[in-house]
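**Q** Got chain A; can you put chain B on it based on the hints?
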Amino acid sequence: MGNAVRYLGQGIAYALFAVVVGYFATSPPYRYLGPDEGLLRLSFKHPGKVKADCRRRTPEELARLQPQFRTEMDCPRERSPVRVRVELDERLLYDDVFPPAGLSRDGASSGYRRLPIGAGTHTLRVQVNDDVRVAGFNFERAARVDVKPGQVVLIDFNPEQGGVIIR
Amino acid sequence: MQTRPILAANDALGRAPARGAAARAFRAAERALDRAFGPEANPLRQLGALAFHLFWIVAATGAYLYVFFDTSLAGAYESVEALTAGQWWAGGVMRSVHRYASDAFVLVMLVHLARELAHGRFRGFRWFSWLSGVPLLWLAVAAGVTGYWLVWDELALFLAVATAEWFGWLPGFGAALVRNFLFAEAVSDRFFSLVVFLHIGVPLMLLLGMWVHIQRITRPQTRPEPALGWGTLATLVILSLVRPAVSGAPADLAAAPESVPLDWFYLAGFPLVYEWSPGALWIASGAGTLLLAMLPWLALARRPPAARVDLAQCNGCGRCFADCPYGAVVMAPRTDGKPHGTQALVLPDLCASCGICVGACPSSTPFRRAETLTTGIDLPQLPIGELRARLDDALARLSGEAKVVVFGCDCAADVRSLAGPGVAALSLPCAGMAPPAFLEYALRGGADGVLVTGCPPHDCEYRFGARWTAERLAGGREPRLRANVPQERLCVRWAAAEDLAALGHELAGLRATLALAPAEAGVAPARLRREPETGNG
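Sequences listed follow chains A and B, in order. Position 31, counted from 1, in the first sequence is what the working numbering calls 31; the numbers after and before it change by one each time, with no gaps. Position 198, counted from 1, in the second sequence is what the working numbering calls 198; the numbers after and before it change by one each time, with no gaps.
Among the clues, some could well be false.
Each computed SDA-like pair below joins lysine to any residue, with the alpha-carbon atoms no more than 25 Å apart [what the hints assert, rightly or not]:
hint	chain 1	residue 1	chain 2	residue 2
1	A	K51	B	P171
2	A	K148	B	E258
3	A	K148	B	L182
4	A	K148	B	S247
5	A	K148	B	T372
6	A	K49	B	D252
7	A	K49	B	G174
8	A	K148	B	A470
9	A	K148	B	D252
10	A	K51	B	E275
11	B	K338	B	S285
12	A	K148	B	P348
13	A	K148	B	F128
14	A	K148	B	V273
15	B	K338	B	P348
16	A	K49	B	G168
17	A	K148	B	P171
18	A	K49	B	G248
19	A	K148	B	G248
20	A	K49	B	A176
Just so you know, these hints were derived from the structure itself, not from any lab.
Pulled out of the complex, with its shape left as it was, chain B reads as follows:
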């Protein structure tokens, strides 16, 4: 007997994992790095945290360099040289780590951008995080370029002139801007004071932008796993010793170098000032920035309705507030006169419609008697009552030995393909939507076992779906799976889209084990009951 897939409608909401070539390439790289680093320290899964880590390395090394830097025309170059050669073991290493960590910051930022783009994580409720990330590209480049100016070697002069030529195209700056770098008398100590101010001020703005960038996620990870953090720092130090950063010849305003050793992470746009024209570069960079910024609205996807609160079922316990990965649920003063102090309030613009809040709500128990089951916070497109009805239907259709109900996730391995006469497959927006009581309900309703699956914890589409589910089933998080549920009849196996075959093997193994296990060891179907309506749990 074929089980009816529960969330066929959700495919139209764009929840299925991205399947483009770029997404497949990233998934392949992520899985390869999973094997080397482990999922918890996989650099591709910690790009944001790595960026913060690199920022602090740059800040710390920069603070050391600033102590010795001479902010004068005569002293800037010499002071950098003294750092590089005179104390190579400290200042030289610091300078090199400062540069390479800055480069790595841009590299990590670009990979982060490409990965989120490939996985389609830029539209819908994620628009704010995407949009707030776009200015960071400009701020990072500005921070890097001003750093190169400080060295005041031939590359610095090239950049200063190129920057002036580029900005000189803009109305308000004018062609005279470049004159600041054509005559020896035009460059003064004040220039270096200004550049130091910019080189400290712009990174501070960058840090502020990074803080804004993560405002719409709860529990943002801004520190990588220690092993990854130390490994990255050690790599940068080794690179600095093997290939130390050095200055070019001192800036000479009467000379133009034949070639310059460009740092392509920061300075890739500068050759275009000459290969195209300043105006063409402004148009291209402006259009590119605009395109990036508009991407969430250009790549249209139907946005599923936000979660809704049913005040009659909400006791203001705050579990949905605690579990929401995007801060879309806040606790507000009660408006219905009930004695509970607060009530949940959904901010629709922030809501991912993942259903993790539904799984967190203590009212989301199928054992209640009400014919129309409702809960404190629910998804309009898949209300908890509908979920119970579908589970009842699936349980009624199960036949044969070792009957198993699979609770899966639309963003991971497609569990619907596992459905068969003895297997019912329920695909939810996120594994975190499955309240633990539903697992017990399935066992009491005739299933011999339950398999819970979804995105792997470090690759969860909605960040905490797998983690919260695992903690709820292990009894470490509310709502907990009751202790009398036989653990041997439960199986939790996280499986990404590519892991379907392995999940199938896991299911077959579970069924083989269940076939050998005596039925009475489980939760007897006769004990299936719906508890009297008790309000809001």
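Looking at chain A on its own, in the form it has when it is part of the complex:
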């Protein structure tokens, strides 16, 4: 094979290599949302209320315990799961229960959900229960949100900042 043909072959191979690398480095784009969609995200991390109140141990109970465990008050560590219910335009999106973390179920509950929603004005209603001793929901917020294409609407929960947060 003549040198010219060899170099032509090398040129074609290098060009093919460059085209493959150059194209797949950015293409085809991944379509993450529809052209007229925003994104609703629910994310929270919150320790629910403890499931039961502290109580005083009886003398008999104390006697049955090893000496180093004989504390007068018995305070259960297990926390309530956090229940979150989300409605969009009076349509139920989620009604999920997020258990507390930890082997003893004494950690915080955390949850994450994502859902593309159409752009436009929506009514959002979020209800949260973090205490099994309360029937129904002990936190709630409703809001009208104007969602633009590509906008993220975030639902958070923090009792110290007023409970349900929509931003």
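**A** For chain B alone, kept in the frame of chain A given last:
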């Protein structure tokens, strides 16, 4: 008269070249690139070396970028933009080469994986190289993803969130992980310090993994042929000038882009977080990794016995140690009380049973008188004595003019199909198993000529079989072919499985030449003798 093929038994050991569609496709591509680049600079034959080359390009360009990179939330994006636009002629090119060389690294790695898989080079003694290559896939992706985070544009944010959502599925990480990228107050300068640490640390782990990956081969080629290396770098620079790497819009935690320009070499798995689910992606990627890792044991092939050392014949010369392509022979202190300082020791798990060590052993000469010929290191499935017996048998059956003995290789063109009344064909596990003395023995035993063939040097199944053979026959490597052997009666023609017809033409040409040559010009049969037993050569 039909010559008895010598290694029919070896077919059952899976040595024959892979014949699947993928293997055929790779061979076709390799041969096409052989014509353009030459076998010595064929990129498909230097994928491992190319990967190392690309790694160093990425490392060098990355070092330059790091000098100008601002590891802060406010400065990360701006510093990358300043590199890209403010000094496009240096930083911009460096950034683009950094990205494209990284992409090429993954491309080369995947082609390397596919090629070894297609050629069946993942089982048996190669299990370690295969298994140690699997984590490199994960490390390469991790190195690339952390690099994309540093730019802190909308793609970086997409990746950060997707990564957190993916890992959030795992116990121990939890759904709260993604909160690190949902609120502006959650992302801080420390995040970029962490990512820089990862983006330097993970590639260092990758380099360590690459080093481990090549531990079971001797003389690993970690640098491509200069022409190929420079050609690859020039291609990346040209690509960088034509299509420079650029950032997207700055990361905005309140926005989700409709689409992102994904780098499919590194980020192909991320859409599956959403198209499937994080859990499904973990299960698929975990199962895929496990399957890849287990492949050497799933694709069972009977492993031929490892080479064995006969201490009575071993003088500790170290030639088998020097020639073994896989480091399966080591030199150990003598255990039999002989005055030689060392002895050869075979590590069976590393042994390919290629027989190159047999060809290297100075005791592997058929001229010795012993009725039962033994040598210092031998293959149990084809001992050197058996090889001589078969050669004697083949020589006795040769008839007609221009009698030729063909020494071939099970992994290359099937020489057994060339056998005929005037042609004896001996197929060995590797051409490198043929000691040069056997060629001389064949000529002294009545053959008019000898044809040596096997895999082409840059495509040798056992890496150095063709190279060592050529050097031994040319007198440049021990054991050398003796100078009194007439070179005109020897022919060396490397031929892959697809080159059988060309090898046949070469054989016909050799026989035509030999038919014209006077017999006395060769090594007279009367001089055939077996030398007295001299111990271990």
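**Q** Would you mind marking each hint as holding or not holding in the structure?
**A** How the hints compare with the structure:
1. Using a Cα cut-off of 25 Å, the hinted pair K51/A and P171/B holds, with the two alpha carbons roughly 23 Å apart.
2. Of the supplied pair hints, the one linking K148/A and E258/B holds, its CA atoms being roughly 12 Å apart against a limit of 25 Å.
3. A hinted pair counts as satisfied when its Cα atoms are at most 25 Å apart, and K148/A with L182/B qualifies at roughly 18 Å.
4. Restraint check for K148/A and S247/B: the C-alpha separation of about 24 Å stays at or below 25 Å, so the hint holds.
5. Of the supplied pair hints, the one linking K148/A and T372/B is violated, its CA atoms being roughly 89 Å apart against a limit of 25 Å.
6. A hinted pair counts as satisfied when its Cα atoms are at most 25 Å apart, and K49/A with D252/B does not qualify at roughly 34 Å.
7. Between the alpha carbons of K49/A and G174/B the distance comes to roughly 20 Å, so the proposed pair stays at or under 25 Å and holds.
8. Taken as a hint, the K148/A and A470/B pair is broken in the structure, with Cα atoms around 72 Å apart against an allowance of 25 Å.
9. Among the hinted pairs, K148/A with D252/B is consistent with the structure: their alpha-carbon atoms are about 14 Å apart, no more than 25 Å.
10. Distance hint between K51/A and E275/B is unfulfilled; the C-alpha atoms sit about 38 Å from each other, more than 25 Å.
11. Distance hint between K338/B and S285/B is unfulfilled; the C-alpha atoms sit about 56 Å from each other, more than 25 Å.
12. Under the criterion of a C-alpha separation no larger than 25 Å, the hint pairing K148/A with P348/B is inconsistent with the structure, at around 67 Å.
13. Taking the CA atoms of K148/A and F128/B, the gap is near 54 Å; set against the 25 Å cutoff, the hint is violated.
14. Restraint check: the Cα-Cα separation between K148/A and V273/B comes to about 24 Å, which is no more than 25 Å; the hinted pair holds.
15. Among the hinted pairs, K338/B with P348/B is consistent with the structure: their alpha-carbon atoms are about 24 Å apart, no more than 25 Å.
16. Under the criterion of a C-alpha separation no larger than 25 Å, the hint pairing K49/A with G168/B is consistent with the structure, at around 24 Å.
17. Between K148/A and P171/B the alpha-carbon distance is near 35 Å, which puts this suggested pair outside the 25 Å criterion.
18. A distance of roughly 44 Å separates the Cα atoms of K49/A and G248/B; the hinted pair therefore is violated under the 25 Å criterion.
19. A threshold of 25 Å between alpha carbons decides the hint, and for K148/A with G248/B the separation of about 20 Å falls inside it, so the pair holds.
20. For the hint pairing K49/A with A176/B, the CA-to-CA distance comes to about 18 Å; that is within 25 Å, so the pair holds.
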